[in-house]
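Trainee: These are the residues of each chain, in order.
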Amino acid sequence: MSFLDDDYMKELVIARLKTMPPNMKLSIGDHGSFDKRELIRQVDSGTALGQETIKSQITLILEAPNIAKRLREP
Amino acid sequence: MKRLLLTRTKHDTTTHYLHEYCRELVVEAENKGWKVEEANSAEDVRSRLAKTNCELVLFNGHGNEESVCGRDNEVLVNVENASLLENKSVFARTCASLKKLGKEAVSKGCLEYVGYEGNFVFFTINEMEATPLKDPAARPVLEVSNSVALRLISGSDAASAVASARRKPVEWMTKMLASREQYATQAFDSLLLNHLRL
Chain A
354 MSFLDDDYMK
364 ELVIARLKTM
374 PPNMKLSIGD
384 HGSFDKRELI
394 RQVDSGTALG
404 QETIKSQITL
414 ILEAPNIAKR
424 LREP
Chain B
9 MKRLLLTRTK
19 HDTTTHYLHE
29 YCRELVVEAE
39 NKGWKVEEAN
49 SAEDVRSRLA
59 KTNCELVLFN
69 GHGNEESVCG
79 RDNEVLVNVE
89 NASLLENKSV
99 FARTCASLKK
109 LGKEAVSKGC
119 LEYVGYEGNF
129 VFFTINEMEA
139 TPLKDPAARP
149 VLEVSNSVAL
159 RLISGSDAAS
169 AVASARRKPV
179 EWMTKMLASR
189 EQYATQAFDS
199 LLLNHLRL
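Residue numbers (the working numbering), protein chains in the order written: chain A, 354 to 427; chain B, 9 to 206.
For the record, the hints were derived by calculation from the structure and aren't laboratory data.
Among the hints, a few may not be true.
[What the hints assert, rightly or not] Just a sample of chain A residues kept apart from chain B, beta carbon distances all over 10 Å, derived:
1) A368
2) D383
3) E405
4) E416
[To be verified] Taking CB as the label site, the calculated pair distances span:
5) B/K183 with A/K408: 38 to 46 Å
6) A/S398 with B/S49: 31 to 39 Å
7) B/K111 with A/P418: 26 to 34 Å
8) B/E82 with A/D397: 48 to 56 Å
9) A/R394 with B/S49: 33 to 41 Å
10) A/T372 with B/K40: 22 to 30 Å
Heads up, the beta-carbon is just placed ideally off N, CA and C, and yes, glycines get one too.
Hey, can you work out the whole structure from these sequences and the hints?
Mentor: Shown next, in the form of structure tokens:
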């Protein structure tokens with residue numbers, strides 16, 4: 354498994370989602386509200402929502418180092 | 009008198025939260041001398057957009073790249089009738105509508121269109137869903153997005169409103185980074201995602 358291939362990203366995102374408290378849900382527009390179990394299922398199944406979730410989580414990982422810079426932008 | 013058209017529903021969890029957070033907007037708008045009109049059906053919204061001289065439109069609900077929706081996800085405005093937004097300033101607190109509807113609306117004479125380029129997301133705590141205004145996980149994102157509307161209500165232009173909303177997460181992100189609360193990570197994540205998409 355190489356860095357950033359699909360399987361790796363899926364595993365990484367699922368690991369992040371597992372840290373979500375069980376009594377919380379993510380509201381994603383008209384897709385609905387999802388707890389961590391459902392989000393993980395979507396990611397694992399490769400659904401459109403699952404792919405969107407992977408994209409969002411990878412965005413968070415990549416953007417986190419830029420936070421300080423972005424927050425200082427006018 | 010300045011007219012403001014507000015759309016909001018509460019047919020699911022997401023729209024219920026948006027509905028409750030709009031309370032602050034209604035109060036502030038009325039305090040600032042706006043006549044606030046509310047509508048959530050396509051017929052009513054389109055009629056008011058076409059016939060009343062509302063200067064500011066606040067959409068709160070679901071949406072996609074091409075449309076914003078109201079009650080039970082009925083399409084209110086889409087790329088085909090975007091000319092309804094001519095001569096109006098718009099803030100769409102919906103998913104994704106900036107990308108196509110926003111552009112089309114501006115090309116058809118909408119003065120300003122503020123919205124999100126991707127999904128508008130926030131976390132909720134199950135035990136708080138009946139009282140959205142008390143949900144600490146959702147509060148940061150919804151307060152930041154409220155700040156956009158509040159700036160427009162106070163007379164700022166879209167650029168100023170967006171700039172203000174881009175500064176507002178600073179305090180919340182700092183709080184969440186330092187917080188030991190269970191929801192802090194999720195609140196931070198949703199703040200950052202929406203910040204990137206505004």
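Trainee: None of the hints should be skipped; say for each whether it holds.
Mentor: Hint check:
no., hint, in the structure
1, A368, "13 Å, holds"
2, D383, "4 Å, violated"
3, E405, "7 Å, violated"
4, E416, "6 Å, violated"
5, B/K183 with A/K408: 38 to 46 Å, "27 Å, violated"
6, A/S398 with B/S49: 31 to 39 Å, "36 Å, holds"
7, B/K111 with A/P418: 26 to 34 Å, "31 Å, holds"
8, B/E82 with A/D397: 48 to 56 Å, "33 Å, violated"
9, A/R394 with B/S49: 33 to 41 Å, "35 Å, holds"
10, A/T372 with B/K40: 22 to 30 Å, "42 Å, violated"
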